[in-house]
Amino acid sequence: MYYLKIPLQSPFAKGGDLNSYKSNLKEMQGIVFNHLLIFINMPLGRFKKNLSDTEYNEYMKLLEDNFNPDTIGRLPCRGVVSLGPDGRFFDCDFYAGADLPVKCESASVDNFNYDILNNREIATTPSCFLCTADQGASCAECHT
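Each residue of the sequence shown is one higher than the one before, starting from 1 at the first, in my numbering.
No lab work stands behind these hints, which were simulated from the structure alone. Possibly wrong hints are sitting among the right ones.
[As the list claims (entries may be wrong)] In silico DSBU-like pairs for lysine-lysine, Cα to Cα no more than 30 Å straight-line:
#: 1; residue 1: Lys103; residue 2: Lys61
#: 2; residue 1: Lys61; residue 2: Lys26
#: 3; residue 1: Lys103; residue 2: Lys22
#: 4; residue 1: Lys48; residue 2: Lys61
#: 5; residue 1: Lys61; residue 2: Lys49
[To be verified] Listed next, with one range per pair, are the computed distances between beta-carbon atoms:
#: 6; residue 1: Asp86; residue 2: Lys22; range: 24 to 30 Å
#: 7; residue 1: Leu51; residue 2: Tyr114; range: 23 to 29 Å
#: 8; residue 1: Ile116; residue 2: Met28; range: 34 to 40 Å
None of these values were measured; they are calculated from a predicted model. Where a beta carbon is used, it is the ideal one built from N, C-alpha and C, also for glycine.
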């Protein structure tokens with residue numbers, strides 16, 4: 001996994017040389033991998049607190065400007081829910097971190113109803129641009 005502080009700024013997010021990155025990582029750190037997942041930090045919690053208002057606005061604008069409609073069909077929120085430690089369901093892990101549970105009658109394991117949960121309206125916020133920017137969220141690959 002490769003975590004990015006600034007979205008779309010990895011050495012290979014825009015077509016950089018992944019093979020060179022793999023080779024350098026193996027040579028310098030002895031780390032070998034066959035598949036790389038790139039996770040972009042969502043500006044929530046501690047990370048958001050470390051961004052100035054200007055940095056936050058630039059970060060979100062960069063995500064919005066790189067919106068890719070081809071990512072919509074493979075968004076994780078369309079096929080899975082996140083489960084909080086208290087039994088509540090969330091549309092995604094980011095919403096769990098922001099404490100934004102699903103908005104439907106089946107919002108927790110206590111009143112679980114597959115049909116209601118499966119047919120819920122998925123909440124959207126500006127943070128959704130994180131999963132729809134450029135090639136989309138690598139976490140989509142974790143759920144397939």
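Hints, one by one, checked against the model:
1. Lys103 / Lys61: Answer holds: Lys103 to Lys61 is near 27 Å, not above 30 Å.
2. Lys61 / Lys26: Violated, at about 35 Å.
3. Lys103 / Lys22: Distance ~42 Å between Lys103 and Lys22 Cα, so the pair is violated.
4. Lys48 / Lys61: holds (15 Å)
5. Lys61 / Lys49: holds (18 Å)
6. Asp86 / Lys22: 24 to 30 Å: violated (40 Å)
7. Leu51 / Tyr114: 23 to 29 Å: About 39 Å separates the Cβ atoms of Leu51 and Tyr114, which means 23 to 29 Å is violated.
8. Ile116 / Met28: 34 to 40 Å: violated (51 Å)
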